[in-house]
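Student: Whole structure, please, built from the sequences with the hints as guidance.
Residues per chain, in single letters:
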Amino acid sequence: MTAPVDADVLIIGGGGAGCSAALHLAWRGARVVLLERGLVGSQASGANYGGVRQQGRHPAELPIAKRSHALWRRLPELIGTDCEFVQTGHLKLARNEAEAAELLAYLDVAASHGLQLEFLDGMALRRRFPWLGPAAVAGSFAPEDGSANPRLLSPALARAARQAGATLLEQTAVTDCRHENGRFVVETATRRFRAGRLLNTAGFWGGQVAAWFGEAVPIRHHTPNMMVTEPIPYTIEPNVGVAGGNVYLRQIPRGNVIIGGGYGMGDPVVPMSRPLAQVTLQAMRRAAALVPALAGVSVIRSWSGIDGMMPDKIPVVGPSSTTPGLFHAFGFSGHGFQLSLAIGAILCELALDGRTETPLEELSIRRFLAPQGVPAGGVMA
Amino acid sequence: MRVAVVGAGPAGVRAVEQLVRAGLRPLWIDEAPDGGGRIYQRPPAGFAREARALYGLEAPKARALHAALDALKPAADWQPDTLVWDIGADPRELHTLHEGQVAAHGFDAAILCTGAMDRVVPLPGWTLPGVTTLGGAQIALKAQGCAIGRCVALLGSGPLLWLVAYQYMKAGATVAAVLDTTPFATKARALAGLPHDPATLAKGLYYVARLRAAGILVAEGVTPLAIEGDGERGVSALRWRDAKGRERWLDCDAVGLGWGVRPEPQLADLAGVPIRFDAVQHNWVPQRDAMGRTPVRGIYLAGDAAGIGGADVAEMAGACAAQALLADAVLPVDAALTGRLQRRLQRQARFRAALERAFPFPARLAAAMPDETILCRCEAVTAGELRAAAEPEGPHGAAPEVNRAKAFTRIGMGRCQGRVCGMAAAEVLAARLGCDVAEIGRLRGQAPVKPLPLSAAPEREAAA
Amino acid sequence: MRLVRLVDQDRPEIRFTFEGQECAARAGDTLLTAILAGEGSFLRRSEFGDGPRAGFCLMGACQDCRVVVEGRGPVRACVTECLPGLVVRRA
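Chains as they are written, first to last, in our numbering: chain A, 6 to 386; chain B, 696 to 1159; chain C, 2 to 92.
It is possible that part of the hints are untrue.
[Said to hold, decoys possible] Okay, the calculated bits of chain A under chain B, using three or more residues with CB under 8 Å as the criterion: (1) 149 to 162; (2) 288 to 298; (3) 304 to 312.
If you are wondering where the hints come from, they were derived from the structure by calculation, not from laboratory data. From the three backbone atoms N, C-alpha and C, an ideal C-beta is built for every residue, glycine too.
Tutor: Spelled out as C-alpha cells, the structure:
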C-alpha cells in the first residue's frame, strides 16, 4: 500500500452529479479526487433519455432545475462543448381529460417558480405539431426545455474537471469508507484517500454509502427501458412526454427517434441491466399511438442502466444527518440528468462554504429517518 | 420439455435431427424461407441448376443436408421466415418477428445456430454501388444466377476467395483478377506438413491452378489501396499495390471482398453467454465447451456462431449440442455417436488453427486505413473521426474502449449494429490507443438483433 | 451497379414497378436482383451524404439494401422476393 493521498474533497461516483461537482471544486482551486468504479457516466447518467426539462418537476426540484438550466445554456463556454443540448421545447401531452386536468393544475405550480408554460388544446396542438395523432387531447409546452446527449455529458464534464486540476480515477472501486479523527478515509484496492469533505454521488449505490454512515434509506434500483429508431426525416422538434410518464420520445436532427417507457431489469450487484422485450413493445405501441407516422419505422437497438429510485420520487440532496462534512446527492428517481449540473455547483458550495442559497430542505435525508433524527433501526454514530 | 433450435443451416439441421431421433418435437426457427444456411443455401423455386452446378465438390453433402432438412420439417414445429430478435431470461422466451408481427415462444432449452457473416476491412470507395462481400458475390451467383458485375475483381484472403473466383469463372463470369492480401510465404509456412484435412488444401490449390490456367491474374501479398468510381456509375477500377510494391490499376465494375468470416453471436450474447476474444480466430467468440454447452443453463451453441469451423464442423457440432441437451435433460443419448463426432471435431480443430495461420486477418491493413475512409457505412463515420475519439484533448476526453468510442463517434450505432465495421473499427482504435485489440472490448449486444418495426408491436396492451 | 444475369435465367417473366417505372424481372428474383439486373443502378442514397448505395452483404445482415414496398414499408431488397405487381421505390 502506497502512502495515502490527501485531498480537500473526495467524491464517490462519477456520474453527471459527481463530475459536475469535481469541476466546480477544481474551478475554486480545491484539491478534489473522484473515484468511479467503471467509466464516468456508465449507469443512469449515460443511459437516460437525455431530457433537459424543468416542466413537470416536483416543486422541491424546481429551484435546482432553474439553476441547472442557466448552466446548460452556458455549457460551450464552461466546458468547451454543448453535449448536443438543444432547446427545442418540452411538450407534455394529455391523452384523456384527467391527464389534461393534471397539466392544467401544474401551470400554477410552474408559474410560482418562474416557469412559463403554454397550454394547448387539441386543435392548437395539431395545428402546431401536425405529426401528432388523435391520442393527444391537450398539451403543455415549455419553450425553454429541450434535450441533450447523455452519453456525452459525464465524459465532457470529466475532461473539463481534469483540465481544471481535479483527479478523476476510473475503474477504481471503493472498498471501504469511514470517518475517523475528523477526516473521511476512503479505500480502494490499492490506495487510501483522506479528506475533510466527502460527496456521495454514487447513484443507486448512494444508498449503500449512506448506510455506511448509519443513515440507510429505502432506495430501490430502477432501470429505464430505452430504445432508438433508425434515422428518418426530421419532423419532431420538441422533446415529447405524457402525463404519468409511461412513454417519452424525442428526435435528434440526424433523424433517429429515442423512445423510452417502463422499466427493464437489472442487478446492481454485477452491475448489469437490460431492457425487457415486452416493455419495449409496449413503449413502441404507445409511441406509435402518439405519432402515427412512426408505425413504419424500425427500432434498431435498446438499452437500460441503473438509477436509484426513492419512494417519493425525489432525490436525497444535502448534508448527512450523522456525519459533518458528508453531503449526499443520489436517488434521482429517473430524472437527474438535467439537475446534475446545478447539483455539482450546490455540492461544491456545501463542501467549501458549508451552505448554499438553493433551498434543499425538502430533499433532506432526514425525511426518511425517525422524527427525533435518530436513523430508523439504528443509533447515531 | 420445450426445446427450440434457432437456425436451419448445417448445425441446426443436424441438431434437430438428433432431437427428433430422441422423440422430441423442437420449435425450429429460421430467418430464411427454406433453410439451408449459407454454404448450402438453396435458390428459390424455379431455378434449374442441379447440386453439382451449385455446390461443386460439396454437392453430395449439400444434397444430403437438404434431404435431411426437408424430411425433418414435418417432424418439428417448423417456422421459417422468422427472425428471433431477443431472448428473455425470466421467463425464458424467444421473441420472434414473422410477417410483421411479434410473438413470444417459451422454452426450457435452446440450441442457437445463428451462423456467421463475412469479415471485412473497409477501404476507400467500398460503399460504392458494385462492391459486395465475397459471400455476397457467391450468393448472387448461387441463389440468383447472377454475377455482381461484368468484370469482377475479387479481393481479400481465405479459402472463400479462391472458391468464389473459381465458381464465377466456371459460370462464365469475367473475373478481372483475384487479389489475395496474404503473402505466399505466410500460407506456405502454415499449410506445410498439414496432415489433418488435405482435402480442403487440395481443393484450394486446384482452384488456383484452374484460375491461372484460364489466364486470370491471381496475385498474393497485395495491398489494396482504393476502389475507384463514383456514385452514379458505381465501381470503375481497383487500385492496388503488388507484392513487389508496385502500384497497379485494375479496370472492373464490381469488387467482392472479404477476409474470412465472423460469428453472429448476438442471441448468445443476449442470452448471457460470455463472449471472449479468440486470438487464433481473431474473432469474438461465445464461450462453450466441446459439446456446445455454455455457462448459461439450457443454452447450447453450434455452428459458425459458436466459432468459425465451416460446414462439416457445423454438422458435427449441431449433433453434439443436441446430444448434450439430451444428456442434461436426462434423456437417452448416443454415446458412440458423440464419441466419434468429438474425435473428428478435435482433428478439425487442429486444421482450423492452421487455416487461421495461413489466412490471418489483416489487422495491420485495417489499422492503417486512411483517415478519409468511411469506416461505419451505416452512419458514414470515417476512420479519422474514430481516431480523433482516442485523443485525450478531444471535447469528451479519450475513449478507452469501443463502446465509449461508439458513444462519441456513432460507429456501430447504425442498423447493422456494428456487424460490418466492428472488427476493423476495433483495429483502428486499438492501434491508435497503442494496445491489443482484445483489450478494448467489443460492441455490446443490444436487442433487437435486427431492426424491428414499431408496427410489429401488438395492437392491444397485454394484461398487466 | 449492374448485376449480370449469367446462368439459370430461364424463368417466367414478371412485371413490377420501380420508382414509378414498369420493369421486367424473372420469377425467383429478389428485389435486389430485379432492380440491379434491370432498370436501377443503385437502391438508395445514404442518409448522410456519401451517395448511392446498392447493398453489400446480400444476406440480410448489413441492412444497406433498403427499399420501400408499397403496402409493406421498408424491406431488405436482398431477402425480399420480387412478386408480380409490387410497387417499389427508393427509401
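Student: Determine for every hint whether it applies to the structure shown.
Tutor: Against the structure, the hints:
Under the rule that three or more residues need a Cβ within less than 8 Å of chain B, the assignment of the segment 149 to 162 of chain A holds, with 4 such residues. Residues of the segment 288 to 298 of chain A with a Cβ under 8 Å from some Cβ of chain B number 4, which satisfies the need for three, so the listed coverage holds. Under the rule that three or more residues need a Cβ within less than 8 Å of chain B, the assignment of the segment 304 to 312 of chain A holds, with 5 such residues.
Checked against the numbered hints above, the structure violates none of them.
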